[in-house]
Amino acid sequence: MTRPYEPHDIEEKWQSVWDAEGLYSVTEDPGKPKKYVLEMFPYPSGDIHMGHVRNYSIGDVIARYSTMCGMNVLHPTGWDSFGLPAENAAIKSNTHPAAWTYANIEKQAASFRRMGFSYDWDRRLASSDEEYYRWGQWIFIKFWERGLVERKSSPVNWCPDCKTVLANEQVIGEGVCWRCKSTVVKRELEQWYFKITEYAQELLDDLDELPGWPERVKAMQANWIGRSEGAEVEFTLCGADGEPTDERITVFTTRPDTLFGCTFFLLAPEHPLVHELVHGTEYAPAVIEVVEKAAKETAIDRSSTEKEKVGAFTGRFVVNPVNGEKVPVWVADYVLMEYGTGAVMAVPCGDQRDFEFARTYGLPIPPVVVTEDDPLYEQLRDQPERLVTDVDWEIAHADEGIMVQSGPFTGTPTGKGGEGVRKVIAWLEERGQGRASINFRLRDWLISRQRYWGNPIPAIHCPVCGLVPVPEDQLPVVLPMDVDVTKGETLADHPEFYTTICPVCGGPARRETDTMDTFTCSSWYYLRYCDARNDSAIWEKEKADYWMPVDQYIGGIEHAILHLLYSRFFTKVFRDLGIVDFAEPFTNLLTQGMVKLDGFTMSKSRGNVVPPDEMIERYGADALRAYILFMAPPDKDLEWSQEGLEGMHRFLGRAWRYVAEVVEEPGTGPEGADDDSTKTLRRERHRVVGKVEGDIERFQFNTALSAMMELLNAATDHRRLVKSELRDAVLEREVAETLVLLLAPYVPHMAEELWREVLGHEESVHRVSWPTWDSDAAAAEEVEVAVQVNGKVRARLVVDANASEDVVREAALALPKVAEYIAGKSVRKVVFVPGKLVSIVAN
RNA sequence: GCCCGGGUGGCGGAACAGGCAGACGCGUCGGUCUCAAAAACCGAUGAUGGAAACAUCGUGAGGGUUCAAGUCCCUCCCCGGGCACCA
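Each residue of the first sequence is one higher than the one before, counting from 1 in the numbering used here.
One should not assume that every hint holds.
To be verified - With a cut-off of at most 30 Å between alpha-carbon atoms, the simulated DSBU-like pairs for lysine-lysine come out as follows:
#1 K107 x K13
#2 K416 x K326
#3 K107 x K604
#4 K836 x K792
#5 K163 x K604
Keep in mind that the hints were calculated from the coordinates and are not lab data.
Please build the complete structure, drawing on both the sequences and the hints.
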């Protein structure tokens, strides 16, 4: 009697055997093509969840399949183990963040083992390990040496719940913290930055070099970087007496061609000039009111487009460089200090916001761009001087048209990037009053955090020498373990940590007590895996050059901007430091969808979590792995349902039984039998191998599994319907072995048990080559073609697969059903698609 | 407002380059085995009409191109996501 499929009897056993055999340890082998398969490393938040199961199952199938295809596969794992949740958990359970973190790492490592993931455990790392974070500090020093580190004061995002500042990328949705979802507030603070903006253009341009990335992710990054082409224009400031001074204020505009329509000038409430301009004047009270109101508002209120725009006149004027006109300077709450220069030339006819502001405060709106269908067109087309000072428009419009009331430029066709823009920029450049310019939305990356559980920033504040980097030979700055976060302590509460001496002058100094953003840790871990145990260098260049870039990276869409942008930035800096030879870290990216229950992302707070361990308990890791891949294509969100898992378990049981039966009771028929059932089975074997291969390469794991089910269906039908004396034992065994090989990347334990114990092979199934297939052998000898009359299928016809068009056409026309439908009509046209259909047009 | 996705049976999904819509699985219904149930196995399963053969309809809506449209084009609706007083 066939032994039943019992996942628990085999899964643990093979996990131990694989470990003992070192099955997944790899080294550089120049003789083989390499493949680096990587899933985003987890945060050790507790037990693994279904999202992890999905993410790592996808990676594991790709890694195992690639190995079977003869590649030298690097497939490592580790933990992104610094970060705030550890502190919160420590406070809650009255323990130390390290204790919580490392306990969770062990728990997750055990779960990964139970899932049977093919990791090279020798390369395991955790970003909170001293051997790891010391190199993060080394990177900080190298960045500093290259001028990419800056400490400056500016308005920053502060999360009141996390009690720390955040990078712009970490403020998501409607101005909330990416981690705790609290509303973020602005604070003026001195902080540490990485100058990612120096790489803005390259980060944008190189998106074109990433054909293996989803368009969606590239669009999101391009959006985030936000490049605008335009010009800087200098306006001369007038003094309190109304006469021009030597001082100029620069604005950025994408539409310098509309300068003749500039009738007022705006400053952001935070602009440093504001107080100076109004100090002691009659305008001060109104202006200060606007400034204070803006400061009080949250980012969300402030950025609401619905809101009435508020402003106040400063009493001062600036000179418009193109026409020498003096225009009033206002303070307006809709002007952002963070973007451009914090000062704006207002062109009410062309910009909707300026238009609304002008209407509110009764400022003139002279049109400067008109189209032919505009009622003003005839009147203004040749009009260089300002004649019309207001419009009856409902909304601003100056997208495209000809320039009017624009002095020497009148009549020039214009629009974004058009002729008028180029001409005005050239004119400004000649006079030294402006220049072509590009502005990015991307801001420098704020990397300092006022939290304990992170990588200490290796910097020293010396009262004499200023900011001094910790010398390389004094690294690492070790994170002390005796900080008690349950009492709200940070490094700033520990004098024994921060009291130090200046490495330059030797005088008393204070160590920096902020730690680095955890995203600095995750921006280079993929490189460290190439040489994870190196204690004398961050990595050996030859090793990084062998393995990198990552050939296939897999992770959640939530990192589309954050981690993926930062890692691209780090890699470009590493290239400039000469420690790698490439500019992009991840050649191909797969962003997997979320696993949901009842329409919501599984989360502890919602209480809709399905624990993977329970599923493993019931159906085994293999069924869970295969099922989560079978449910949906990897990039789509999926709705968890348990019934389907039982179905997968059933399928595996059927496959198990089939293989066992083929071994125990092989057919006794002649080799090379050529009855229809045998031929069909032989053909299916080839077709399905080809199908599974193509599907895995296109990440269609669900249809690959469907194809395996089809092969099993064909195989069991054959066994059931064809007598033993007629069944070819060689073919049956070949089908059974093929099925096991196809299943191996998905259900590694079951495949191994069948391969070694049932089919009797010595070697691991995971070291066997992927089965070959032949497209001729996969092709049917006879095909059924559909016969259409006037676009509707009216009959079917079985013909020889390579029958000529004439033969098939005649056969189709001779069908009684066809004759019936074309009776009394004449055949106008016959379309023949080989192997598919014949389409007859008759009227 | 701008930029991406997406909308197919009761459900998850398939249809890769315009060629038979609904593969594969779940569920449901019927059957075999059983004292019974579970498991396993066999069969049916888009809708409507019909005993059946078969016919008609059918991929968010409406138009179009084509012998042929889930797939291409136009107009629009809905859902999800990103960006957004960005000058």
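query: Between K416 and K326, does the CA-CA distance stay at or below 30 Å?
result: Holds - the C-alpha atoms of K326 and K416 are around 26 Å apart, at most 30 Å.
message: Hint check: K107 vs K604, CA-CA at most 30 Å. Holds or violated?
response: holds (17 Å)
- request: Quickly compare the C-alpha distance for K107 and K13 to 30 Å and report which way the hint goes.
  value: holds (19 Å)
Distance restraint between K836 and K792, which requires alpha-carbon spacing of 30 Å or less: Holds, because 14 Å separates the two Cα atoms, which is no more than 30 Å.
Distance restraint between K163 and K604, which requires alpha-carbon spacing of 30 Å or less: Satisfied, since the Cα-Cα distance of roughly 23 Å is no more than 30 Å.
The structure shown violates none of the earlier numbered hints.
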